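Residue strings, one per chain:
There are 8 protein chains.
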Amino acid sequence: MKADQIKTLLRKVQRGDLPVEDAVQRLRYMPYEDLGFAKIDGHRPLVKGFPEVILCEGKTTSQICKIVDVMAERGSDVLGTRAAEDVYEAVSARHPSCNYHREARIILMQKKPPSGKGSILVVTGGTSDIPVAEEAAVTARAMGNNVERIYDVGVAGLHRLLDHRKPLARARVIIAVAGMEGALASVVGGLVSCPVVAVPTSCGYGANFQGLSALLAMLNSCASGVAVVNIDNGFGAGFFASLVNRAVR
Amino acid sequence: MKADQIKTLLRKVQRGDLPVEDAVQRLRYMPYEDLGFAKIDGHRPLVKGFPEVILCEGKTTSQICKIVDVMAERGSDVLGTRAAEDVYEAVSARHPSCNYHREARIILMQKKPPSGKGSILVVTGGTSDIPVAEEAAVTARAMGNNVERIYDVGVAGLHRLLDHRKPLARARVIIAVAGMEGALASVVGGLVSCPVVAVPTSCGYGANFQGLSALLAMLNSCASGVAVVNIDNGFGAGFFASLVNRAVR
Amino acid sequence: MKADQIKTLLRKVQRGDLPVEDAVQRLRYMPYEDLGFAKIDGHRPLVKGFPEVILCEGKTTSQICKIVDVMAERGSDVLGTRAAEDVYEAVSARHPSCNYHREARIILMQKKPPSGKGSILVVTGGTSDIPVAEEAAVTARAMGNNVERIYDVGVAGLHRLLDHRKPLARARVIIAVAGMEGALASVVGGLVSCPVVAVPTSCGYGANFQGLSALLAMLNSCASGVAVVNIDNGFGAGFFASLVNRAVR
Amino acid sequence: MKADQIKTLLRKVQRGDLPVEDAVQRLRYMPYEDLGFAKIDGHRPLVKGFPEVILCEGKTTSQICKIVDVMAERGSDVLGTRAAEDVYEAVSARHPSCNYHREARIILMQKKPPSGKGSILVVTGGTSDIPVAEEAAVTARAMGNNVERIYDVGVAGLHRLLDHRKPLARARVIIAVAGMEGALASVVGGLVSCPVVAVPTSCGYGANFQGLSALLAMLNSCASGVAVVNIDNGFGAGFFASLVNRAVR
Amino acid sequence: MKADQIKTLLRKVQRGDLPVEDAVQRLRYMPYEDLGFAKIDGHRPLVKGFPEVILCEGKTTSQICKIVDVMAERGSDVLGTRAAEDVYEAVSARHPSCNYHREARIILMQKKPPSGKGSILVVTGGTSDIPVAEEAAVTARAMGNNVERIYDVGVAGLHRLLDHRKPLARARVIIAVAGMEGALASVVGGLVSCPVVAVPTSCGYGANFQGLSALLAMLNSCASGVAVVNIDNGFGAGFFASLVNRAVR
Amino acid sequence: MKADQIKTLLRKVQRGDLPVEDAVQRLRYMPYEDLGFAKIDGHRPLVKGFPEVILCEGKTTSQICKIVDVMAERGSDVLGTRAAEDVYEAVSARHPSCNYHREARIILMQKKPPSGKGSILVVTGGTSDIPVAEEAAVTARAMGNNVERIYDVGVAGLHRLLDHRKPLARARVIIAVAGMEGALASVVGGLVSCPVVAVPTSCGYGANFQGLSALLAMLNSCASGVAVVNIDNGFGAGFFASLVNRAVR
Amino acid sequence: MKADQIKTLLRKVQRGDLPVEDAVQRLRYMPYEDLGFAKIDGHRPLVKGFPEVILCEGKTTSQICKIVDVMAERGSDVLGTRAAEDVYEAVSARHPSCNYHREARIILMQKKPPSGKGSILVVTGGTSDIPVAEEAAVTARAMGNNVERIYDVGVAGLHRLLDHRKPLARARVIIAVAGMEGALASVVGGLVSCPVVAVPTSCGYGANFQGLSALLAMLNSCASGVAVVNIDNGFGAGFFASLVNRAVR
Amino acid sequence: MKADQIKTLLRKVQRGDLPVEDAVQRLRYMPYEDLGFAKIDGHRPLVKGFPEVILCEGKTTSQICKIVDVMAERGSDVLGTRAAEDVYEAVSARHPSCNYHREARIILMQKKPPSGKGSILVVTGGTSDIPVAEEAAVTARAMGNNVERIYDVGVAGLHRLLDHRKPLARARVIIAVAGMEGALASVVGGLVSCPVVAVPTSCGYGANFQGLSALLAMLNSCASGVAVVNIDNGFGAGFFASLVNRAVR
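Chains as they are written, first to last, in this note's numbering: chain P, 1 to 249; chain D, 1 to 249; chain V, 1 to 249; chain R, 1 to 249; chain W, 1 to 249; chain E, 1 to 249; chain Z, 1 to 249; chain Y, 1 to 249.
Nothing false has been slipped in among the hints.
Computed list of lysine to aspartate or glutamate pairs in EDC-like fashion (alpha-carbon distance at most 20 angstroms, straight line):
1) R:K66 / D:E103
2) E:K166 / Z:D34
3) V:K111 / V:E73
If you're looking for bench data, these hints aren't it; they were derived computationally from the structure.
Source: prediction; values computed, not measured.
Based on the provided sequences and hints, a complete structural model is requested.
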């Protein structure tokens with residue numbers, strides 16, 4: 001919905017041709033750009049307070065480029081997740097200002113970095129969980145949060161975790177990322193009094209069944225205060241944690 | 001840890017017999033009552049801000065009664081979940097002040113009801129989801145939150161949900177409870193800008209596989225800002241939402 | 001069964017050498033061409049009203065070419081699904097009149113395009129679901145239906161779907177294609193009064209388990225009037241919808 | 001929404017106080033009765049053409065009675081599925097005109113039976129599948145269809161099925177109900193040219209896994225023209241078939 | 001166990017140095033060649049009546065060659081299953097007399113082809129099932145059976161199957177190979193009075209789950225007289241059918 | 001199809017009014033009795049050589065009685081599986097000649113016991129597997145086979161099994177019944193040269209998952225010559241073994 | 001095998017009628033009592049060093065009594081697991097010396113309690129895990145081990161576990177019993193240097209799937225030195241731990 | 001924690017500035033090297049008695065090299081599991097003293113090979129299980145145990161296993177490695193009186209489901225004295241067996 005469309009609409013209201021309520025409805029529900037293969041929400045920032053997100057996996061490079069073009073034209077910030085390196089190269093050829101967080105596989109195009117606030121802490125059980133953790137951390141930072149990281153503090157060596165009681169205690173939200181038996185979420189959940197967002201990862205093999213073991217463990221956490229997102233869904237955890245932290249002011 | 005034990009400990013600190021740090025450790029980590037079959041945390045309220053919770057399912061009535069006795073002696077508030085009616089009768093015979101929320105299957109013993117604040121909204125897809133929703137709502141209320149309820153607003157009749165846009169918009173956290181295809185979480189998540197805690201229920205039959213369909217659907221929600229707890233875990237959702245809402249001040 | 005074979009058979013009936021009933025049986029049940037590795041039904045068009053379909057996946061290029069040759073010789077229309085690009089190239093080298101719908105991965109060889117009638121609407125939850133949706137749409141068009149498409153109207157942005165109430169209302173059958181949590185089928189099913197054929201896709205990751213989440217969700221739809229085909233089975237949905245629409249006259 | 005409410009609304013339109021479109025919206029989307037635990041759609045008949053359906057399983061007898069009361073007061077027809085015998089007794093005590101289809105476990109309260117049309121054929125693989133088949137048949141009959149039944153014609157004795165070629169050929173829609181290996185759907189689908197709605201049942205044992213074997217088999221049917229509903233969901237099949245048959249006129 | 005070893009042993013028996021029973025035991029249980037990574041049974045032919053079989057999958061080419069060398073030296077016949085083309089090339093470089101059944105992926109080294117007897121019939125549901133069927137057919141032929149093949153007679157076109165009643169009726173054992181919904185086993189089982197060995201294949205996609213749908217369907221066959229082997233296990237079916245046919249004399 | 005019907009038919013053939021082939025078809029495919037809820041095959045004995053079998057589970061006592069009545073009137077032998085004690089009582093009240101094999105849960109009504117031949121051996125891993133084994137043994141005996149039993153010879157005490165080498169060696173078919181890890185089938189399969197029909201049972205707990213562990217183990221048997229029937233399907237194994245043994249003459 | 005049988009055998013050896021080796025074989029492999037439905041190993045104590053164990057679940061009370069009778073006559077010690085109260089009553093009526101461990105559901109008949117040695121420590125995550133833990137503890141005690149118990153030290157309150165560092169450090173084997181997310185095994189495994197035998201329990205609900213979550217978590221433990229037994233298999237853990245501890249001398 | 005750090009700490013204790021207990025805590029829980037992406041435990045050898053282990057899978061080559069560098073600087077022994085050949089090449093370029101066990105995929109850097117003791121026996125069912133078995137064997141040898149190997153002694157040819165009764169009898173711990181039906185663990189467990197550590201492998205196909213069949217079979221072993229590790233987890237079995245054997249002195 002471009003500016004002239006909005007003007008036309010508002011003039012109708014002025015003239016009494018359009019009830020105020022109807023105008024609200026139209027403004028709220030119609031203003032997306034239709035690319036045929038994708039509908040881009042221009043008003044979603046009003047609803048969620050964050051830029052539009054593109055899940056790059058499953059889309060062609062050409063589709064992604066067109067979506068970014070439209071967003072860029074509108075002046076939106078863009079966060080592209082699960083973006084392979086060649087996707088980044090295609091996008092950055094047209095939008096040189098965008099950055100690529102390689103480990104997180106995120107393309108980020110953000111005009112002014114938001115001022116950080118309240119702390120979100122991202123912890124991982126192992127080294128292999130880091131890519132998922134980085135997806136969460138980069139997302140949370142892009143959404144305007146201060147982010148701390150503590151990696152490789154799995155429960156098989158409890159002292160490594162217990163050494164970081166201070167950052168654990170001061171965090172407003174904790175994102176616990178772990179594969180294998182996923183026990184990190186329960187142990188962290190038992191140590192802190194803030195909400196813990198658990199991210200099971202597909203790290204492991206055999207009876208891990210592509211992350212099922214960690215997923216089920218986290219869902220069955222005996223610690224209260226733990227909620228779970230999809231396997232390997234670092235973005236989802238970062239976004240959810242941002243909603244929680246944003247409410248805190 | 002009884003009063004005289006605490007005095008003994010503090011006198012040692014006074015006399016320099018016990019380093020301050022050690023005393024902190026002891027106070028922080030040791031003070032639970034050991035019943036042999038259960039360890040009761042007296043200090044957990046300091047960590048989480050809420051009373052001790054008893055998951056009654058899987059415990060004998062006699063074990064539950066003994067745990068409540070110890071808590072009552074200490075003056076703690078008690079929240080017993082998944083409590084069958086006969087468990088309530090046994091407990092209330094010894095502690096007449098406790099209440100039973102029949103639909104939620106919760107025994108609640110709470111001296112002064114906490115003053116309500118910030119709104120937590122509980123919505124369900126159907127009528128059969130209400131017991132789980134009530135477990136969430138009673139828990140959240142006991143943790144000191146204002147709670148609103150909108151029941152039977154499943155996605156097969158969208159207008160029923162869309163009619164409640166106002167409570168949806170003013171909630172700080174929403175708990176979405178649904179069985180069958182669990183689509184409620186995604187639809188609500190797309191309408192609001194606060195965190196949504198999704199609770200899959202085992203309501204349904206056949207390819208529902210005891211809640212698996214709703215669980216997987218909620219974990220795969222295409223709406224950002226949704227996190228999930230265990231199937232039928234109303235308590236977990238109420239508790240998690242309370243942690244989120246408490247942080248909001 | 002070639003013309004001369006049919007004549008021989010009919011003459012036997014004329015001469016009283018073959019009972020009428022037996023002749024019917026032979027005409028009904030025997031007339032397929034036997035290639036050893038495949039039996040081609042020449043009479044199926046009489047049963048179903050549509051051309052023979054080849055599921056290319058799992059067959060060698062050489063087998064596919066031979067099947068198409070026989071069909072072409074008989075003057076049949078051919079619809080080859082799940083056809084890789086190199087299969088199309090091999091087939092079109094021998095049958096230049098055939099077309100390739102790349103996104104749908106369909107090879108189509110059709111002498112006179114059937115006149116369109118009654119509307120079948122294909123909707124998708126996301127952009128990644130489009131290949132499956134195209135398989136359905138191309139199939140339905142080849143079977144003689146008018147086809148409309150609305151893509152990327154997933155339930156996380158309900159207004160995008162609600163904006164299309166008119167095509168939703170006028171469709172005689174709707175094919176709802178969605179991966180992840182598959183909620184689209186339920187939401188569409190609640191908005192319309194025509195049958196909805198739901199196609200779960202394998203789009204997603206983690207607890208999606210290759211389409212299981214969408215499949216279970218759609219089978220458990222709380223909206224009445226929804227039936228489901230196999231994961232990623234766009235062809236099956238297009239064919240089923242064609243049967244429904246054909247009956248409508 | 002009672003009569004006087006509707007009048008008030010229409011007078012506003014007459015006076016020009018309410019845009020026609022808005023009035024439509026209100027009539028379409030708002031008129032449900034709120035019982036707290038359930039929202040009853042008064043206008044759903046306008047959308048689907050059939051009475052409101054109550055899934056009794058998972059609701060208390062008291063809840064069901066209250067829902068029926070409200071519907072009866074409005075003059076609606078009622079179809080209650082998965083109704084245990086004692087639920088029927090409680091309902092019929094208040095509404096003596098309702099009938100109980102014991103094998104189908106359906107409570108039916110219908111003022112004037114709809115005139116039958118076009119044929120829906122219900123077939124089962126075995127005797128144990130009959131309760132699910134009856135749920136489908138009673139539903140379809142209540143929705144105004146002529147219904148034929150052929151039971152116990154499983155694929156292990158093909159001649160039993162092949163003997164019924166005439167009813168198979170004249171049906172507009174076929175509902176194929178089968179447990180165990182669920183092959184009936186494929187065999188029927190290969191014999192007819194109308195849509196086949198497949199209902200897997202949980203009949204069987206062992207590697208049947210509560211209907212999983214039949215469900216997967218039906219989803220993987222090699223016959224085109226088969227769509228599937230949830231395990232044991234006779235109602236869903238009857239309803240879906242009714243939508244298909246209704247469109248045929 | 002070489003000839004001279006056997007002589008030594010028998011002379012001990014002759015001299016009364018070795019009890020007859022012990023000699024039997026030694027002959028029966030000890031004579032395998034130990035390659036370290038594999039133990040080769042020289043006496044198994046006495047037990048089973050067939051040559052040693054090598055499951056090539058999971059073994060290195062070098063291991064396979066060494067096993068074949070030892071067998072060849074002993075004069076055994078060799079049947080190597082799941083052998084990739086390059087394995088065949090390596091083996092045939094050393095043993096030029098061996099043959100490769102490409103579609104069946106079998107390496108066969110057999111001095112004098114056994115005289116065929118009693119008929120084993122191999123049927124498939126589709127064209128994609130042929131490689132598995134060929135594995136069964138080549139195995140059965142190598143074990144000394146006459147083998148007939150009828151391919152692509154799936155249940156969606158019953159007449160294609162019913163046309164072959166004669167070979168169905170004269171077979172002593174039938175091997176039914178099918179993927180997708182695996183209904184072929186039940187339909188064949190209902191038509192014949194000989195044992196049916198069912199082989200589920202992984203042909204299909206989506207809710208086929210790599211052959212699970214066909215496997216469960218076949219295990220739940222409503223036709224008596226059906227037993228099942230592992231998914232894609234053509235060899236196992238051919239071997240089992242050979243044991244059954246061998247007993248028939 | 002009663003005697004006079006058959007006469008009428010044959011006279012038509014005699015008079016040349018009915019082609020021989022047609023008469024065969026009618027005799028072969030039409031003669032079942034239709035009870036509405038069940039179709040009873042009178043000619044199946046011609047096909048399979050055994051009496052009609054009733055799977056009692058899932059049928060009402062009244063349905064079972066009516067089916068037995070019809071069969072008795074025709075003079076058929078009857079084998080009712082999975083028959084609860086009260087079903088037997090109802091049936092025997094009307095047909096005093098029938099017997100009840102309590103452990104096998106089989107009702108048997110058989111005029112003259114068939115003369116036994118060739119040996120079928122039934123072995124079990126444990127004591128809990130006996131009911132399933134008895135279902136197999138009683139079925140096989142009723143089908144005219146000599147049956148031997150060796151129970152509780154699980155692989156954890158190999159010598160118990162190895163002690164029975166003689167009956168193992170002389171059996172023509174072996175039915176191996178085992179729950180838990182189901183290893184009995186592989187061990188027996190490695191000791192003998194006759195076909196082994198494996199029956200997984202649901203005996204066990206935990207990761208047994210109602211027989212899944214034994215089922216998967218038996219399907220993956222490293223011993224050749226093993227085929228598998230459904231979990232707890234003693235009847236199916238007895239029937240299949242009878243078909244194999246019958247062919248041996 | 002009674003004394004006179006043994007004498008007869010040994011005299012044969014003396015006379016040179018039986019080779020020594022054969023005698024060894026007979027003594028080793030034949031001496032079990034055959035009850036038809038069960039084979040009782042008299043020599044197993046020689047192999048394992050512990051009395052015969054009866055898994056009562058799945059056996060009839062009458063079968064259990066007969067097995068105990070035979071064992072008692074031989075003077076064996078008896079350990080009956082998963083024994084319901086009425087089984088105990090039937091057994092104790094005939095063998096008054098036996099004891100019933102109600103929580104462990106174990107019947108124990110042991111002449112002289114073995115002298116305790118080396119410590120086996122049993123820990124549980126919660127109170128509901130105690131019955132399984134008791135099964136392990138009673139078994140281990142009966143096998144001649146000293147047993148310590150620490151119950152309800154789940155990972156959500158780490159300090160409860162860390163308080164027991166001394167018993168953790170001095171144990172030679174630890175049995176970790178936990179349901180839900182099963183994290184106890186990993187945390188204990190990271191704290192100690194002795195082997196940890198993990199027992200998943202079916203305690204929990206929803207996505208616990210009858211113990212699957214704990215089972216998978218324990219199998220995927222990131223702590224080395226953890227091995228797992230079946231869900232709820234307290235006996236198996238106690239027995240395995242006894243074998244380990246016995247080796248330590 | 002370097003030497004000078006340790007001295008500083010100990011001097012504080014000497015001076016009475018640091019309580020002994022605190023010093024123990026610090027030494028026990030803090031001394032790991034933080035690489036950001038990985039925390040390296042220097043003190044773990046004190047806890048477990050073995051060198052630090054690196055699970056190479058899931059880590060980048062660069063991360064692995066840095067971890068090895070730190071360990072080498074500290075003088076630790078290093079065992080890297082699941083190391084691809086190119087990882088070994090990168091590591092050995094910097095640390096030429098390290099060895100690569102190709103079949104086991106283990107990188108081993110060990111200054112003085114420990115003197116072997118007490119025997120650990122590794123057995124496999126087939127040739128394809130050898131890589132997993134080698135992982136176990138190399139691990140156990142590196143941990144200071146004598147290791148024996150018997151490969152390809154699966155239960156389908158029992159005599160191959162029974163021929164090795166002597167090594168079976170003298171082993172202190174046995175590691176049984178098997179895929180497919182995993183029966184080896186039960187059979188071995190029934191023959192010996194030492195603990196058996198079972199390793200399911202993913203060898204097999206079809207209903208093996210990547211090792212699930214062997215895993216479930218081993219968990220359900222009817223032989224007592226068997227515990228299980230993760231699918232393909234040779235390292236875990238070797239480590240666990242080492243803990244058991246170490247305790248034996």
